[in-house]
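A.B. asks: Same order as they appear, the protein sequences are chains A and B.
Counting from 1, one number per residue, gives the positions in the first sequence under the numbering used here.
Counting from 230, one number per residue, gives the positions in the second sequence under the numbering used here.
Keep in mind that a hint or two might mislead.
Pairwise CB distance ranges, derived in the manner of DEER restraints [stated by the list, open to error]:
# : chain 1 : residue 1 : chain 2 : residue 2 : range
1 : B       : 579       : A       : 121       : 22 to 30 Å
2 : A       : 121       : B       : 578       : 44 to 52 Å
3 : B       : 515       : A       : 153       : 21 to 29 Å
No wet-lab data here; the hints were simulated from the structure.
Please read these numbers as outputs of a predicted model, since none were measured by experiment.
Every residue, glycine too, gets a C-beta built ideally from N, C-alpha and C.
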Amino acid sequence: MSTSPGEEAIIRFRDVTKIYPLPGGDVVALDNVSLSILPGDFIAIMGPSGSGKSTLLNLMGCLDTPTSGTLFIKGRDVGSMTDEEQTSLRRDHIGFIFQQFNLIPLLTALENVQYPLILKTGDRTCTERCIEVLKSMDLQDHLFSHKPSELSGGQQQRVAIARSLVNDPEILLADEPTGNLDTKTGSSIMDLLKDLNERKGKTIIMVTHDPGVAKFAHRTIRIVDGKIS
Amino acid sequence: MQKSLFFDFAIRNVRLHWFRSLLAVIGIIIGVVAIVSMGILGNSLVLAISDSLSTVGDSVIITPHAGGMGGMGIGGSDDLLTERMIEQIRRAVAPDVTIPIYSGSARMTIGTEDTVGVVYGLDPDDIPILLEVEEGALLKGESGAMAGAKFAEDNELKVGSRITLKDKGSLRVVGILKERGMGFDINPDYGIVVDGNWYQKAYNQQDYDMAIVKVKDLSRIEQTKDAIEKQLNRRETEVDVIDTKAILETILTAFGQISTFTTAIGGISLIVAGVSILNIMMMSVTERIKEIGVLRSIGTQRKEVRSIFLYEALVLGVIGSVIGGVLSIFGGYAISILMLQTTEYLFVPSSLVYVFYGIAFGIGTSLLSGLYPAWKASNLNPIEALRHE
Ligand SMILES: Nc1ncnc2c1ncn2[C@@H]1O[C@H](COP(=O)(O)OP(=O)(O)O)[C@@H](O)[C@H]1O
Ligand SMILES: [Mg+2]
Numbered sequence: 001m002s003t004s005p006g007e008e009a010i011i012r013f014r015d016v017t018k019i020y021p022l023p024g025g026d027v028v029a030l031d032n033v034s035l036s037i038l039p040g041d042f043i044a045i046m047g048p049s050g051s052g053k054s055t056l057l058n059l060m061g062c063l064d065t066p067t068s069g070t071l072f073i074k075g076r077d078v079g080s081m082t083d084e085e086q087t088s089l090r091r092d093h094i095g096f097i098f099q100q101f102n103l104i105p106l107l108t109a110l111e112n113v114q115y116p117l118i119l120k121t122g123d124r125t126c127t128e129r130c131i132e133v134l135k136s137m138d139l140q141d142h143l144f145s146h147k148p149s150e151l152s153g154g155q156q157q158r159v160a161i162a163r164s165l166v167n168d169p170e171i172l173l174a175d176e177p178t179g180n181l182d183t184k185t186g187s188s189i190m191d192l193l194k195d196l197n198e199r200k201g202k203t204i205i206m207v208t209h210d211p212g213v214a215k216f217a218h219r220t221i222r223i224v225d226g227k228i229s
Numbered sequence: 230m231q232k233s234l235f236f237d238f239a240i241r242n243v244r245l246h247w248f249r250s251l252l253a254v255i256g257i258i259i260g261v262v263a264i265v266s267m268g269i270l271g272n273s274l275v276l277a278i279s280d281s282l283s284t285v286g287d288s289v290i291i292t293p294h295a296g297g298m299g300g301m302g303i304g305g306s307d308d309l310l311t312e313r314m315i316e317q318i319r320r321a322v323a324p325d326v327t328i329p330i331y332s333g334s335a336r337m338t339i340g341t342e343d344t345v346g347v348v349y350g351l352d353p354d355d356i357p358i359l360l361e362v363e364e365g366a367l368l369k370g371e372s373g374a375m376a377g378a379k380f381a382e383d384n385e386l387k388v389g390s391r392i393t394l395k396d397k398g399s400l401r402v403v404g405i406l407k408e409r410g411m412g413f414d415i416n417p418d419y420g421i422v423v424d425g426n427w428y429q430k431a432y433n434q435q436d437y438d439m440a441i442v443k444v445k446d447l448s449r450i451e452q453t454k455d456a457i458e459k460q461l462n463r464r465e466t467e468v469d470v471i472d473t474k475a476i477l478e479t480i481l482t483a484f485g486q487i488s489t490f491t492t493a494i495g496g497i498s499l500i501v502a503g504v505s506i507l508n509i510m511m512m513s514v515t516e517r518i519k520e521i522g523v524l525r526s527i528g529t530q531r532k533e534v535r536s537i538f539l540y541e542a543l544v545l546g547v548i549g550s551v552i553g554g555v556l557s558i559f560g561g562y563a564i565s566i567l568m569l570q571t572t573e574y575l576f577v578p579s580s581l582v583y584v585f586y587g588i589a590f591g592i593g594t595s596l597l598s599g600l601y602p603a604w605k606a607s608n609l610n611p612i613e614a615l616r617h618e
């Protein structure tokens, strides 16, 4: 799965180091990482706790910038972008799926899905597309008007995936998407992600502890102490 | 359109935390009511005072210089304005009219009742310049008198009633004067006005107790004063000259300051309300750190996060201020009844404008209190906010 010259990497790390300065000494969360991810890739990131998996994912998601080295997303140097540009990039091109689902508690399931689309377009009447996306996540209609607190974990994660998809991003980032779900629900979520990768061509990067989950990916990146091994 | 999404967030959060929102709103209501009621009270006070003053500030009052109060007792003082001094004043202020006045108090008998009242002696020709008739006729001839409004009321005087001044003779009431209110020159409401010649003979007093100059052109009031002083006080101070405009201004300034002060006290309660909004907004931000992290990570701009919290402050402020504005009309009503026994100064523009001031200050304070929490929320680091539990 190495980069062939003709293909443009959608995410490219070049000697990226991330250091968290702490009073008790700096923490090197990522140490000189170089890697390329191509469009349509499905990648699992594995490694022990505290090895830097989430840090790697956050950098890919433009939530953070490298301490040194350069990071390109869709050909653009993230480090040189303003906060507003990074935010727009997250909104329009990246979908986030979290272990704790992280739905907005004030909004219903449908509204949670609508939210990123309204952010992008400013149009508040965009229910049809949102219902369509929610339906494709196999969520029953009567749950659309429920608040997150009234949904099960699996239902919440379906809503969260629908939310991440609504702006039709090229990249999906999932930090332990099945971590809070039972095995059965987890594997149906994984079926959804696999389907999105195969049928919709989404580039998916997923952090997981579970080798069974990692099997769904095309390749697995192992990371230990901030280094890719 | 996008704005209303964040506005929706604000509304929902206010509703979700309705109890503490209610407390903040109550704080704003109290602040606005305090500021508006105080403002209305102060303004009504100023209006009431200026209404009860008869003088419009167009008079210069000349009294003999002798500790100021000389000449108040009838015939009991040497400090009077001589005919020569009156002539000098006339010359100095011409063409404005100079009105020399005798004044004193006297014991009188009306029917069988004994009473005391002020007696003013005036040239009948000067009376229409200073006073208005309510009932009956103007004074003509020496045997008549005009009664002040309150004096007539208190003593049940009518046109035709007789007043007997001890040892001086009896006078027939030819007219009742219109109520004049408190004046800096003369206060005939509680007394009678008689012919100057009659006064002169009755009290055997040649010289006058005071003189009033009516100034037509108000902008020349200072010059008129100076001209009189120059004429009479060149060698030694013979007379005291005051103008009613200056007194009026001093009084109104003093009351204006009092009303500013009371309004400022109302303002303090609004500041307290602002602090409580700041407090609940900070609570709101702290509780929602994780949510803010989620919003930011899925593409909400900093300024959009800021607007959610500013809207929240605005919603609280508008609700509190508008309710406060409405209630403050009742508050102003109550305080007017209580302190002034009248509400006639409540529904006038200069009072009602405080309602708008109050609402504006209420909303302004709320927005100001929301600024810091909103700034704080929008500047949270998305990753740290997401990690927050
Ligand atoms: N915001 C942060 N501040 C300080 N240290 C951090 C921060 N985020 C992560 N770290 C540290 O960086 C290292 C990598 O963390 P992380 O990427 O979350 O690991 P993983 O997701 O693999 O468990 C850990 O030692 C962690 O304590
Ligand atoms: Mg992690």
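A.B. asks: Are the hints correct? Go through all of them and say.
C.D. replies: Verification of the supplied hints:
{"no.": "1", "hint": "579/B <-> 121/A: 22 to 30 Å", "in the structure": "violated, 50 Å"}
{"no.": "2", "hint": "121/A <-> 578/B: 44 to 52 Å", "in the structure": "holds, 47 Å"}
{"no.": "3", "hint": "515/B <-> 153/A: 21 to 29 Å", "in the structure": "holds, 26 Å"}
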